[in-house]
Amino acid sequence: MFKSTGNSSPWTLAVDTGSTFTDACLYSCETGKVYTAKVGATPGNPSQSVLKALDMLCRMAGIGPEKLGLFLHGSSLEANAVISKALSKTALLTTKGFRDILFGRSFSYTYLSGLSTPGGRPLIRRCNVYEIDERILAGGVIQKPLDIREVAGLIPILAQKGFQSIAVCFLHSHINPVHEQMAGDVLSEIFPPPAVTLSSDVLPVQGELERFGTTVITASIRAYMAKYIDDIRQYLDTFGHGRPEFHIVKSDGGTVPSSSDPPQCGRAIFSGAAAGVLSGVHLSRTTGRQKIISLDMGGTSTDISIISGGQPEYRKKGYPGGYPLGFPMLDIVSISIGGGSIARIDDGGALKVGPESAGAYPGPVCFNRGGCLPTCTDANLILGRLGADSFRLVGINPDNASTERSIMSNIAVKTGMSVESAAEGIISAANSIIAGNIRIKLAEKGFDPGELALVAFGGDGPLHAAELARDLCVPIVLIPPHPGANSALGMLFSNISTDYHIEFVSDLLDTDPGFLDSQYGSMEERAIKEFAARGRSDMEMRRSANLRCSGYPLVINMTVPSGKLTRADLALLNRAFKITHQEEFGFIPENSDAEIVSLGLTVSFKKLGGGPEFHGQTRAFGNKQSQPLPISARSVYFQGRWLETPVYSRDEIQPSVSAAGPAIIEQDYCSTLVWPGMKFSADSFGNIVIDVGVS
Amino acid sequence: MGPAKLEMMINYFRSIAGEMLMRLAGFSQPYLDKSRYNAAGLFTLSGDLVIQEGNIHRLGILPVLVKSALREHPVQSLARGDVLLTNDPYAGCPRLTEFCVISPVYHAGVIMAVTATLAGHQDAGGSFTGGMSTGSREIFQEGIRVPTVKIASGDSLNKDILALIRLNMRTGDDFTRILRGQMAANGIAGKRINNMAVKYGPEKVKKYMQEIIDYSERILLSRLKVLARGKSTGRIITGHNKSGLIMVSAEYDGDTITFDFSGTQPQSRLPVNASKGTVLSCILFSLLSALDLEVPFSGGLLKPIRVIAPEGSMVNPVFPAPVAYSGLHTAGHITGLLLETLRDLIPGMAAQGAQGSPAGLTIGNIRAHDGLPHILNQTLGGGPGGCQYCDGPDMLSAGLPGDSILQVEHAESIYPVIFNEISFIRDSGGAGKFRGGTGIRQSVSLLGEADVAISADLTRPGAPGANGGMDGGRPGVFLIHPENGVLQNIESGKYTGTLEKGSVIILETGGGGGYGSPMERDPQSVRDDVVDGFISPQQALDTYGVVLTGDDFSVDPDATAAKRLLLNTGLQPVPPCRWRNPEFRIQNSESQNKQGTSEDEDADND
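Protein sequences, first through last, are from chains A and G.
The opening position of the first sequence corresponds to residue 25 in the numbering used here, with each subsequent residue numbered one higher.
The opening position of the second sequence corresponds to residue 565 in the numbering used here, with each subsequent residue numbered one higher.
Just so you know, these hints were derived from the structure itself, not from any lab.
None of these values were measured; they are calculated from a predicted model.
The reader is advised that the hints may include incorrect statements.
Pairwise CB distance ranges (calculated) [said to hold, decoys possible]: (1) G:ASP737 with A:GLN205: 22 to 30 Å; (2) G:ALA1123 with A:GLU527: 23 to 31 Å; (3) G:LEU731 with A:ILE552: 50 to 58 Å; (4) G:ARG870 with A:ASP472: 24 to 32 Å; (5) A:GLU614 with G:LEU731: 43 to 51 Å; (6) A:VAL202 with G:ARG799: 30 to 38 Å; (7) G:HIS637 with A:VAL529: 37 to 45 Å; (8) G:SER641 with A:VAL165: 57 to 65 Å; (9) G:LYS789 with A:LYS703: 48 to 56 Å.
Every residue gets a Cβ at the ideal spot worked out from N, C-alpha and C, and that includes glycine.
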């Protein structure tokens, strides 16, 4: 977490705009106190709900909005909803012969996928794609020079057709952007910034499918994003000189200052989910747990991500709404299983859960809003794992009788089970899908479940986490203090960082250290210049290199020492790489040394303060162990039997406390379930720690 | 086992197969390997498939291969750490470059299951790079054939066998790398099954495996019972002059669905023979699509299916039949034939036009930019057929789910080639109420001399339309000579030979068949297609009967109605589909390339 530096004020606001709610939290760097708020979303004018949440929190905290030092913004809106709403009329200029690149389909194997073929029409119609007779080859050699008159000749047509935005995507422009820049210069005379978007600015990375696709998305939503950000900034500007610094959270968990114009706006498309993972990252760093499975289970979907070595895992691209987006993003698997997932018995006699969901309307049967098919939430109610109180904050008085009838007629009668075992079956079946996806994700990374801790967020995560961990053989479950407002909270932990990359393939040991120095040096100079333009000089730089064994595609990101590099440094790096390769992937090919794939530089602001952070509110330390006092008790069904189970208030679970399951721990918007045979307590950061009891 | 436990076990086993694929993918080079063909599965000790994940067109391979491997190496003879390897097409492998690796799973000293992976390798030796000579007449020309051998015992590779195999292929290092990946994938499955055996006991685990098999069978039977009835037959001719005849009859008798290929012509001397595994894969894909069935892929699905395939025929070849192009061409034909035949057996099945023919290109013996010999392998898919509810989507793809075309920038940075064009071919999508997807044209120049194999199926008319829809455009293959610039039309669609530096290779894939009468297509959609350049104004008028006026091609409703009336009543004939760009003129060249041979399919077929 970083402290605000925009003005001297210690308050930070993080806002996450979603499809139904906008979550916000306000945090004081001085006291560590956090206020959270939920307000209804205003889809027509999203900045409205943001400003409303801001007002609300300021009143709760008793401060004026001018006290804000930093304002962080992200969004959990479904990416395709963002894209489809925000489109400007966009044209594409591309290399002659390659008009149809946007129709390219890149599939990869997906677990539990059906037979259907994904992919919609490109964002830009074929008639709005214009070919330019130019060609640059691999390596940047110009084969056919661009004739600037050809571009100039197009301008009247583009203007007459009323295009608001122009994307320019030429082949191999990531290596040699000169043609794109020339075309951009000519176009800018009639289409002033930000109406022209160059692929070499947006995503200078090899692979036309992703680079073109990403540029087209960016060009299409740029104007909309700019206006939205402007609305908020104008409001913040009314605070005068002391206005807060305003940053946008990116899909990779970093942030960009809102003032930097968005050729980068596409980078924010998955920011909500990314921010959720950041709380896990923060938790990993504060608690010293190196490897974590982050599980965010909500009403309709569950997001899974793996954190290792205190770092989230990244991937290079995603497919929001079926459109390729090549920005680096946190590697998150989203599964269509949540509290609202519907259960049924199929033709072969198996109990299936999801992917159909009852959603918020009509919702589960127990909401009594007309839903009649049983869901996970209904099952949890029947099993006593959710109580009537659990629904109080959302204003629902659960209807046990009709819930029971629904499970009875849809599941139990068809299979000769009792209502309870049917309900328990629904939960197990749902969990098995999530567990399967986690296992595959771990296999991809080469991890064993026994090495990790499971961190559960979201409305339903804490309820399912202990059982999931047991099925996966994960020994520890952590429930952070505010599992419900996770994404907004996570934003508080986002890094204000910028990444620079140079693609450069060479055998590590054969590379001239001086040459590497000059490569890193040029990135560092660029960073210093860019940060200086933002009025900043207080940053940390981390050099890194993506390395692999020559011939093998498995890539490892290794930190490279700063300062002047020597041959010995490279030899050391090679050894460290080989050890890591052996550890991560379980083998290292004989006689194989590291090969550089690319060089990277991550620049982030120095973290200020450094005192105990927000979870670390003063709580009791020491060895004194005590039993927490339950606020009530109820019968909960566990594997075939009803057990009288104490219910605790979350506030009771202090570090000094230790108790055994079964237990239910209730707080606003969510409940944590601890199974019989498990133990739980809290750590000094306020996380509930469940010892699952698997070896 | 209760319904919830059953679902848990299904998901658990599926996730194991998924883990295997992920592990294997970790050993694959994305732009070089044919990892898209990978499949992974778990088997019982009797060789019945418990679960499989992977390429949707490879479902039948492992079940056939594992059974046959276990006949030669009974499970009792497999020690812990033994690994079997084979690529034998006559045992079921689709072609020699796809290797199957099989490992026993031991728990507490007792064998309790078998795991297997199928992976696409770059090469297997033979007369041409990647085994992809279009001129193969015998299996020997496609590479080294490996019977089921123990490639490892006690987890360590048999260096002699490995050396023998590596010496016989062009990309030995890549072979070893993927082989290690396959062994690692099998290993992870073994570990997971061991975990289960500790938790539930080995006997329970075996019982669960059986339950999953039974479950899939129950689902398939119940769906067949509701949807299928009677018997239907179909035939398809895949070569010139009635050669390449494939016949099938499908019959459902209430318990079993029988696919009888009797009458199919004897195996060809061309590399188009489809192995047992390939044929079973086509059957599974067609049947699951026809029944719209999503179900765990287990051996239970195979139980109600009976396949009669005459030995020594194109659908069950024996030594020494070549097979390399059966995946690209024959499998597509068989799948199309089966889908058509099943439509009579399963009346509720959604109808659609056929998919356009694909085209395959292999460029070998080229020094890639990294100095190593590499193999460029590109498959271009035909346009998908128009269906009952929607157009066949226009896309640049390799034609199969799970498959993507090589990106230009990746290809040009690895291989000494320059792409001149990848784009849609105007008017190639079959006309219809719902139009077939448009075919693709790709043009590539060679920066150095290279061995090249090209294959497109030009023996048949375009992909047939359905329910009044028209046929899609046909594929095409052209070569441009580097010096005289003469464009040569390879009429057979097949070419294998050495091309000089500067040669240009042009491939065109077929468009999808249309669905329903073009007269019923919304004139606005026809206009959009004209504006976007998918069809010409001429085709809009002649074939769709849509009259467009002005620079912005607006629809003239009255003139359109009149035109359509004329066309509908037959007063004016609908001209045949014009599917070539007018600007792309083809000169048929008499001159044959000196070094290359372009074959006529019939020549050797008798």
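Hints and how they fare:
Taken as a hint, the range 22 to 30 Å is violated for the pair ASP737 of chain G and GLN205 of chain A, whose Cβ atoms sit roughly 41 Å apart. Separated by about 56 Å at the C-beta atoms, ALA1123 of chain G and GLU527 of chain A break the suggested range of 23 to 31 Å. With their beta carbons about 55 Å apart, LEU731 of chain G and ILE552 of chain A fall inside the hinted range of 50 to 58 Å. Between ARG870 of chain G and ASP472 of chain A the beta carbon distance is about 43 Å. The supplied range of 24 to 32 Å is therefore violated.
Taken as a hint, the range 43 to 51 Å is violated for the pair GLU614 of chain A and LEU731 of chain G, whose Cβ atoms sit roughly 18 Å apart. Between VAL202 of chain A and ARG799 of chain G, the C-beta spacing of about 58 Å breaks the proposed range 30 to 38 Å. In this structure the hint that HIS637 of chain G and VAL529 of chain A lie 37 to 45 Å apart at CB holds, the actual value being about 43 Å. Taking 57 to 65 Å as the suggested C-beta distance range, the pair SER641 of chain G and VAL165 of chain A conforms, at roughly 59 Å.
Remark: the range hint 48 to 56 Å for LYS789 of chain G to LYS703 of chain A is upheld by a beta-carbon distance near 52 Å.
The structure shown violates the earlier hints numbered 1, 2, 4, 5 and 6.
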